[in-house]
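Engineer: The primary structure of each chain is shown beneath.
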Amino acid sequence: MNPEKVIFGFFIILAATLNFGFYVGDISNPDHHPVYELFFVVVVNLIATILKFGDRTQMGALLLATSLVALLQLFAASLMWGYVVYISETGMTAAAMASIVSLSGGALMANIISVVLLVIETVMLRR
Amino acid sequence: MDSVFFIIFRRMRQPLLTLVVTYAIAILGLTLIPGQDADGNTWHMSFFHAFYFVSYMATTIGFGEIPYEFTDGQRMWVTFSVYATVVGWIYAIGTLISLIQNKTFQQAMTEKRFARKIRSLSEPFYLVCGYGLTGSELVRSLIEHKQHAVVIDIDQHRINDLELDALIEAVPGLCADAQPPLHLIQAGLQHELCSGIVAVTNSNEANLKIAITSKMLNPGLQVICRADSKDIEANMASFGTDYIIDPYDTFGARLTTALQAPCMYLLHQWLTGMADEALNEPVYPPLEGRWVICGYGRFGKAIYNRLQKEGITIVVVEMTPEITGKPETAFVQGRGTEAATLIEAGIHSAAGLVAGTDDDANNLSIIATAKEINPELFTIARKNHNDNEALFDALSCNMVMTPSSIIANKIRALLVVPMLYEFLGMAYYKDDDWACELVSRISGAISEVVPDIWEVTIDQTDAYAVMQMIERGHQITLADIQRDRYVPEKQLNAVALLYKGKEGKVMLPSDERVLEEGDRLLFCGQMGIHHSMEWNLQNVNVLEFLLTGNIATQSKLLKYLLK
Chain A
1 MNPEKVIFGF FIILAATLNF GFYVGDISNP DHHPVYELFF VVVVNLIATI LKFGDRTQMG
61 ALLLATSLVA LLQLFAASLM WGYVVYISET GMTAAAMASI VSLSGGALMA NIISVVLLVI
121 ETVMLRR
Chain B
1 MDSVFFIIFR RMRQPLLTLV VTYAIAILGL TLIPGQDADG NTWHMSFFHA FYFVSYMATT
61 IGFGEIPYEF TDGQRMWVTF SVYATVVGWI YAIGTLISLI QNKTFQQAMT EKRFARKIRS
121 LSEPFYLVCG YGLTGSELVR SLIEHKQHAV VIDIDQHRIN DLELDALIEA VPGLCADAQP
181 PLHLIQAGLQ HELCSGIVAV TNSNEANLKI AITSKMLNPG LQVICRADSK DIEANMASFG
241 TDYIIDPYDT FGARLTTALQ APCMYLLHQW LTGMADEALN EPVYPPLEGR WVICGYGRFG
301 KAIYNRLQKE GITIVVVEMT PEITGKPETA FVQGRGTEAA TLIEAGIHSA AGLVAGTDDD
361 ANNLSIIATA KEINPELFTI ARKNHNDNEA LFDALSCNMV MTPSSIIANK IRALLVVPML
421 YEFLGMAYYK DDDWACELVS RISGAISEVV PDIWEVTIDQ TDAYAVMQMI ERGHQITLAD
481 IQRDRYVPEK QLNAVALLYK GKEGKVMLPS DERVLEEGDR LLFCGQMGIH HSMEWNLQNV
541 NVLEFLLTGN IATQSKLLKY LLK
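Quick note, the sequences are listed as chains A and B, same order. Counted from 1, the first sequence has number 82 at position 82 by the numbering used here; the numbering is strictly sequential. Counted from 1, the second sequence has number 510 at position 510 by the numbering used here; the numbering is strictly sequential.
Looking at chain A on its own, in the form it has when it is part of the complex (with noise of 0.2 Å):
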């Protein structure tokens, strides 16, 4: 057992499990999408992201493609989280709330190839 694939595919999981559980709920209610976890997905992500930094296999770089998209997309939910509640002056809105959610589930979708690539490259490991 290679302790550093452990906290690989540990991460890797995490961010896509975490991620669900942000997106999951009705999506243009802020009672569904609490804060603290989309801080943990963005958390989690860019641990995921920096440990897939220089893997020089063709699946490495699949990898560390996903994570990138899965960030944008975090970054500009967290953004958009930002400017709806502190800069314009309506609060957060269920229009508002709901794209966030949508850009989340973006996000996932990336997280989901991710685990899928993972998963891949392991069946194809064969001791």
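There may be inaccurate statements among the hints.
[What the hints assert, rightly or not] Here's a subset of chain B near chain A, in silico, CB distances under 8 Å, partners left out:
1. F6
2. R10
3. M12
4. L16
5. W43
6. H44
[To be verified] Listing some non-contacts, in silico: residues in chain B with all C-beta distances to chain A over 10 Å:
7. A24
8. S46
9. S238
10. E338
11. H348
12. D480
FYI, nobody ran anything at the bench for these hints, they're computed from the structure. Everything numeric in this text was worked out from a predicted model, so none of it was measured. Using N, Cα and C, we set each Cβ at its ideal position, and we do this for glycine too.
The hints should help you fit chain B onto chain A, whose structure is shown.
Structural biologist: Chain B only, in chain A's frame:
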């Protein structure tokens, strides 16, 4: 991509992870710990404010407690976070910066930038391997003659010199060993605009390796190499190296020329000399009498063979005949630096002396000692290091052999002005009187330094005005383009050496020769005359004035008014 990039990225993981984790903990703590707003209500910091606060706390910028004063609970958490995040920040940033400054990483970046520069080259260029005395001299001439070059050298100091040398054009230079094919390819060996490669490093093996690589990877390429030994030369020739330049042999050939045709030798020296070099005095090496050659190495042998062909009596002085071999003729064992050996070799009655060891101090000593005994000697010295130039100048030898400048001059004639190479090749079939006449003609046109040499092609880019006037039905002769634009009766101080056109090659074409499109001319003349000639070639008004004496009206308004 280079593996070094992956290693750098891999090493970035740890500092970046530290940074993310410490930030995350500090931010999370701030959002969880309750605070009080100005009215005393319980208030939780939002992620937005927490991120803002941690960002300036970790970097020790410290704007204070916002948006409300902190409670003691918050302060306790911040105290803890300050130490955690500041240490994490310094560690992460410090590691990242040191990774970026990593030598291998920097080298990889430099190579990448260099490769990009080479890819974007849009004009033909020569690849010069080795930027020593020969290489730098050659690059300078190439640039001055509007050609382009790319340099590889193993020594970073020489690449720095390249950056500092005030060349008119930036020359891309790479500090790398030119032997691995990778570096040559990076420097544009397979670039479609690479018109030739010049291997003038100070290592024979490196030059050989460069020649092999070039001929393998780009067989059509012109390859010019320096070689100091017969083995290497034969090896280079075996796979089709275009020009192999052996400084010792080249000097031997020059010496033969000087012996047989002193004017031809002078002509050659003048035309191939470096820009701003003082004009050589003619030399007359004696054909009668005995010659003493000190040092029977590569140089000594080259001279020996040449002199023997001339039927000259030779005495060789050599310290280690078991290494160099013994000549068939008279031989004295010794260094030649002490008077006894020289006297034994018969220096009293000798006509010429060659100091040809591979040690400059010995060569200087040989010449000085011999001249004391026999001041009438004709002396030839081998100079191994350019630093000793002043010493050789002080000794006032008749001829000094400097490998680097011999090679540079020869390659320059080949690459920079190819017509000059043709001209010199043809000149060897002429007799010495012809050369003497030409030398006196050239010396009438120039002052104290060697003449400037330039080529002119009669076409739209090189001679726009000439083409325009030919189209208008004028007949333009060689004399016309050599006229002084201020005093049309006067001719510029230039000599037309070679004409190449429909009628083939003509040496020293006459002034009446009529120019046509596609003709090529080789001129030599005083520095600056080339520029004056450009006016006649390119400016229609100037040429029209020279031909007709009229100054044409160009402006439409003036034309209308003067109608």
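Engineer: It remains to establish, for every hint, whether it holds in the given structure.
Structural biologist: Results for each hint:
A distance limit of 8 Å between C-beta atoms decides the matter here; for B/F6 the minimum to chain A is near 5 Å, and the interface restraint holds. About 3 Å separates the beta-carbon of B/R10 from the nearest beta-carbon of chain A, less than 8 Å, and the hint is met. For B/M12, the interface hint holds, the least distance from its beta-carbon to any beta-carbon of chain A being 6 Å, beneath 8 Å. Annotation: interface hint on B/L16 holds; nearest CB of chain A at approximately 5 Å, less than 8 Å.
Checking B/W43 against chain A: minimum C-beta separation of about 14 Å lies over 8 Å; hint violated. A hinted interface residue such as B/H44 counts as satisfied when its beta carbon comes closer than 8 Å to some beta carbon of chain A; here the least separation is about 10 Å, so the hint is violated. For B/A24, the condition that its CB be more than 10 Å from all CB atoms of chain A is violated, with the nearest at approximately 4 Å. Not every C-beta of chain A lies more than 10 Å from that of B/S46, the closest at about 7 Å, which undercuts listing it as non-interface.
Every CB of chain A is more than 10 Å from the CB of B/S238 (nearest about 41 Å), matching its label as outside the interface. Listed as a non-interface residue, B/E338 keeps its Cβ farther than 10 Å from every Cβ of chain A; the least gap is roughly 67 Å. A cut-off of 10 Å between C-beta atoms confirms that B/H348 is not in contact with chain A; the least separation is 77 Å. With a cut of 10 Å on Cβ distances, B/D480 stays outside the contact zone with chain A, its closest approach being about 67 Å.
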